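Student: Taken in order, these protein sequences are the chains called A and B.
Last residue of the first sequence? That's 668 in this note's numbering, and every number before it is there in order.
Last residue of the second sequence? That's 135 in this note's numbering, and every number before it is there in order.
A portion of the hints provided could be inaccurate.
Stated by the list, open to error - FRET-style restraints, in silico, Cβ to Cβ:
| id | chain 1 | residue 1 | chain 2 | residue 2 | range |
| --- | --- | --- | --- | --- | --- |
| 1 | B | Gly-47 | A | Ala-375 | 21 to 29 Å |
| 2 | A | Ala-151 | B | Val-22 | 52 to 60 Å |
| 3 | A | Leu-108 | B | Ala-43 | 54 to 62 Å |
| 4 | B | Gly-118 | A | Ser-531 | 21 to 29 Å |
| 5 | A | Val-522 | B | Ala-21 | 40 to 48 Å |
| 6 | B | Val-56 | A | Gly-14 | 34 to 42 Å |
| 7 | A | Ala-533 | B | Ala-21 | 42 to 50 Å |
To be verified - Coverage of chain B stretches by chain A, computed from C-beta distances (three or more under 8 Å per stretch; other residues unrestricted):
| id | region |
| --- | --- |
| 8 | 17 to 24 |
| 9 | 34 to 47 |
| 10 | 106 to 117 |
What the hints assert, rightly or not - To give an idea of the interface, some chain A residues facing chain B are shown, with a C-beta separation under 7 Å as derived from the structure:
| id | residue |
| --- | --- |
| 11 | Gln-81 |
| 12 | Val-372 |
| 13 | Val-376 |
| 14 | Gly-378 |
Rather than coming from a laboratory, the hints here were simulated on the basis of the structure.
Here the structure is a predicted model, which is why all the values come from computation and not from measurement.
The beta carbon of each residue, even a glycine, is placed where N, CA and C say it ideally should be.
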Amino acid sequence: MAELGRAALLVTLGLSGYALVAGGAAAWLGRRRLAESARNALFASFLSTLVAAAVLVAAFVRDDFSFAYVAGHSSRALPLQYKLSAFWGGQEGSLLLWLLVLTGYSALAVWFARKRARDLVVWVTPVLGGIAVGFTWLLVAVSSPFDTAAAPADGAGLNPSLQNPYMVAHPVFLYLGYVGLAVPFAFAMGALLSGRTDERWIVATRRWTLIAWTALGIGQLLGAHWAYVEVGWGGYYAWDPVENAALMPWLAATAFLHSVMIQEKRGMLRVWNVALVSLAFCLSLFGTFLTRSGVVSSIHSFTQSPIGPWFLGFIVVAVVFATVMIWLRLPQLRTTARLESLVSREASFLYNNLLLVALCLTILWGTAWPIVSEAVRGEAVVVGRPYYDFFLRIFGLPLLLLMGIGPLVAWRRASLRGLGRVFAWPAAIAVATGVVLILLGAGSSIPGLIAYTFSAFVLATIALEFARGTAARRALTGEPAVTAFGRLVGRNRRRYGGYVVHASIVLLAIGIAGSSAYDSVVEGRLSRGESLAVGGYTLTYRQLTERDGPNATEIRALLDVRRGDKSLGTISAGKNAYSVEQQVSNEVGIRSDLLTGEDLFVIAEQVDDNGTVFFRVFVKPLVNLIWFAGFVFVLGALITLWPDAREERRLATRYAPAVERADPQTTT
Amino acid sequence: MARTSSPARLVIALSVAAVLAVFLVYTSLAGNARPSVSPSELAGKTGEVSLAGKVVGTPTGDPHGAGMRFVLRDIEGAKKQQVTVLYKGSVPDLFRTGRDVVVTGAQHADGTFVTTPGSMITKCPSKYQAADSNA
Numbered sequence: 001m002a003e004l005g006r007a008a009l010l011v012t013l014g015l016s017g018y019a020l021v022a023g024g025a026a027a028w029l030g031r032r033r034l035a036e037s038a039r040n041a042l043f044a045s046f047l048s049t050l051v052a053a054a055v056l057v058a059a060f061v062r063d064d065f066s067f068a069y070v071a072g073h074s075s076r077a078l079p080l081q082y083k084l085s086a087f088w089g090g091q092e093g094s095l096l097l098w099l100l101v102l103t104g105y106s107a108l109a110v111w112f113a114r115k116r117a118r119d120l121v122v123w124v125t126p127v128l129g130g131i132a133v134g135f136t137w138l139l140v141a142v143s144s145p146f147d148t149a150a151a152p153a154d155g156a157g158l159n160p161s162l163q164n165p166y167m168v169a170h171p172v173f174l175y176l177g178y179v180g181l182a183v184p185f186a187f188a189m190g191a192l193l194s195g196r197t198d199e200r201w202i203v204a205t206r207r208w209t210l211i212a213w214t215a216l217g218i219g220q221l222l223g224a225h226w227a228y229v230e231v232g233w234g235g236y237y238a239w240d241p242v243e244n245a246a247l248m249p250w251l252a253a254t255a256f257l258h259s260v261m262i263q264e265k266r267g268m269l270r271v272w273n274v275a276l277v278s279l280a281f282c283l284s285l286f287g288t289f290l291t292r293s294g295v296v297s298s299i300h301s302f303t304q305s306p307i308g309p310w311f312l313g314f315i316v317v318a319v320v321f322a323t324v325m326i327w328l329r330l331p332q333l334r335t336t337a338r339l340e341s342l343v344s345r346e347a348s349f350l351y352n353n354l355l356l357v358a359l360c361l362t363i364l365w366g367t368a369w370p371i372v373s374e375a376v377r378g379e380a381v382v383v384g385r386p387y388y389d390f391f392l393r394i395f396g397l398p399l400l401l402l403m404g405i406g407p408l409v410a411w412r413r414a415s416l417r418g419l420g421r422v423f424a425w426p427a428a429i430a431v432a433t434g435v436v437l438i439l440l441g442a443g444s445s446i447p448g449l450i451a452y453t454f455s456a457f458v459l460a461t462i463a464l465e466f467a468r469g470t471a472a473r474r475a476l477t478g479e480p481a482v483t484a485f486g487r488l489v490g491r492n493r494r495r496y497g498g499y500v501v502h503a504s505i506v507l508l509a510i511g512i513a514g515s516s517a518y519d520s521v522v523e524g525r526l527s528r529g530e531s532l533a534v535g536g537y538t539l540t541y542r543q544l545t546e547r548d549g550p551n552a553t554e555i556r557a558l559l560d561v562r563r564g565d566k567s568l569g570t571i572s573a574g575k576n577a578y579s580v581e582q583q584v585s586n587e588v589g590i591r592s593d594l595l596t597g598e599d600l601f602v603i604a605e606q607v608d609d610n611g612t613v614f615f616r617v618f619v620k621p622l623v624n625l626i627w628f629a630g631f632v633f634v635l636g637a638l639i640t641l642w643p644d645a646r647e648e649r650r651l652a653t654r655y656a657p658a659v660e661r662a663d664p665q666t667t668t
Numbered sequence: 001m002a003r004t005s006s007p008a009r010l011v012i013a014l015s016v017a018a019v020l021a022v023f024l025v026y027t028s029l030a031g032n033a034r035p036s037v038s039p040s041e042l043a044g045k046t047g048e049v050s051l052a053g054k055v056v057g058t059p060t061g062d063p064h065g066a067g068m069r070f071v072l073r074d075i076e077g078a079k080k081q082q083v084t085v086l087y088k089g090s091v092p093d094l095f096r097t098g099r100d101v102v103v104t105g106a107q108h109a110d111g112t113f114v115t116t117p118g119s120m121i122t123k124c125p126s127k128y129q130a131a132d133s134n135a
């Protein structure tokens, strides 16, 4: 079976190599038939990768421990769903997942764009082929999931912290995000290579960018929720390099999603957009590199890691290629329009972009500095949480404010008097919120107070936008309010979907501010019957139980929860001792108050032989808004992504002449 | 055809300057990085550092009482230097003999490395795939 997997990967290497070489030649020479065969090779490479993936899945399901990778990441006792997710439990399988997602995206994106953007697609094919060649090479020559060895009696098992539903879904979404950024990157490079540097590549990839960006966002929230409920240290984000690895491309992609609107509407910022999409893609490569090369723990383990240097080389190639292409096409990328006023929609998008990129680059600096320092100065350093928190506030809070201002400022040139009218109500609501919060005692954290005030401002502007739009539509059509509201959103999906996404980011900001700036924590060692008080709750330790689960021994401490005189039931926290993997994991107890969004979070840190338990208890206000924001985020993204027949028709007429004159010929 | 009058250029230039200024002020005031050392590099280092090492022997004592004591040695290389660490606070699930951990603190005159409470991080094998776990 392993031979079939290896063969399938070799076929993928051949096909993607053909897509690169033949596709490049076809585009250069203007050979239409050759370009079509290169495109078909790209489609076929998805199928051969699918075969390779199926072989690995089958090996996991059948407990075929002659696959070294299966033996290293699974065991007979592992439940089936975790045998499947063990596919991406290690490096080789993760790379295979990367390749599978890449070839899948490539096939779909090229298929959908083959008619409307044919002249671009001939150049996009070799770029996507080139990326696939790099990854297939790693899988074939450096880090193969199909290496075989004498089969042990049982596998080594899967790391217990990966044995939960989050770790089934989280890596898939992250990779759908990371890899998805390859599509807009390839189209941008295709546009540069073909010399057709108008906004068509943006129109052709808008949905792909949004899908990748949404998936990356969901993946990160799933990871945060996993850290919160499973890792059990009481937080959800620790500025860990691996977490930053996913946040950086997401920030760059967020900037890109905004700035492309300016190019679509006004034809400005062309260089900036290709640079941003290149940055986003290179950061997603860098993210995969960080998580997979061992470079984070030490530069020494990086030099021993087989894929590290290859990956670094790969990133260098991507950066150099993108830079050279942008440089060569600089004259064609010159914009005709220009910024007319510093108070305009364009300008506010520009500020938003600068803030997002600044935040992204400071995080990059913090993440990369330890590596650079160890390599250059020979002295290893650690960049701590205060660094990141500082820059999140410095750049994040103005971004939050801009989210309320930007969408309401007129294109081209806005008058200050008009702005005063538009923002009078939201500003009044924000100030009122701030005053109320100070009276309630929220002044204990200034950044928290600012975040809440800005959040109130943004939510007010969004609510007013929906109300104004609905009212205007009712006045125009005489529809009932609900119909008018539905049609308003349905006819302007990008705009109102965007507002919904903005609302979700505000909810996220409120949740983060609440749980980090206004939380409380108490810890102590309790014997049975003893109590502990925190944030208005009283917890009484009742009993300790021990139970044998399918693959772990579960120890639980049971506590009564009271608030004042009212009993709120019980909560249990403890530890699981995994037998095969010889590891202990914290199982925290969480009681969510869905009305206030507050969590009571109990960790049983240490269970002593005499039955006393050391508890650590957090009260985290509003933390559930973070997870709720995830659902709103998906809703908003779906609204903007939903196929829109009228928009399709509009685009079809707009780019019809382009299709007429489309042919693979190009001038270089 | 540079158009120096474009406000976009001005905005970008001013923003870049502002960001750089904030960055420089912050790094010079707060100091953005702690040195990270191994047990064999610890000698002579004063002030707060991150100490990364491999746990050897059996940890003793109560991390939530008087403190837990354990011994760290270099993760890589043949160096024999060992450091006794006094640790208080949360102990991560992955902590045990043979694992690689990072703690923050400073070395006292008696040679004991006294940590900032709760500063222990284990190098998580699921996230960072180091060379030796590639088998």
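Student: Does each hint hold? Answer for all of them.
Tutor: Results of checking the hints against the structure:
no.: 1; hint: B:Gly-47 x A:Ala-375: 21 to 29 Å; verdict: 23 Å, holds
no.: 2; hint: A:Ala-151 x B:Val-22: 52 to 60 Å; verdict: 58 Å, holds
no.: 3; hint: A:Leu-108 x B:Ala-43: 54 to 62 Å; verdict: 58 Å, holds
no.: 4; hint: B:Gly-118 x A:Ser-531: 21 to 29 Å; verdict: 23 Å, holds
no.: 5; hint: A:Val-522 x B:Ala-21: 40 to 48 Å; verdict: 41 Å, holds
no.: 6; hint: B:Val-56 x A:Gly-14: 34 to 42 Å; verdict: 50 Å, violated
no.: 7; hint: A:Ala-533 x B:Ala-21: 42 to 50 Å; verdict: 46 Å, holds
no.: 8; hint: 17 to 24; verdict: holds (count 3)
no.: 9; hint: 34 to 47; verdict: holds (count 4)
no.: 10; hint: 106 to 117; verdict: violated (count 0)
no.: 11; hint: Gln-81; verdict: 17 Å, violated
no.: 12; hint: Val-372; verdict: 11 Å, violated
no.: 13; hint: Val-376; verdict: 13 Å, violated
no.: 14; hint: Gly-378; verdict: 10 Å, violated
When the structure is compared with the earlier hints, violations turn up for hints 6, 10, 11, 12, 13, 14 and for no others.
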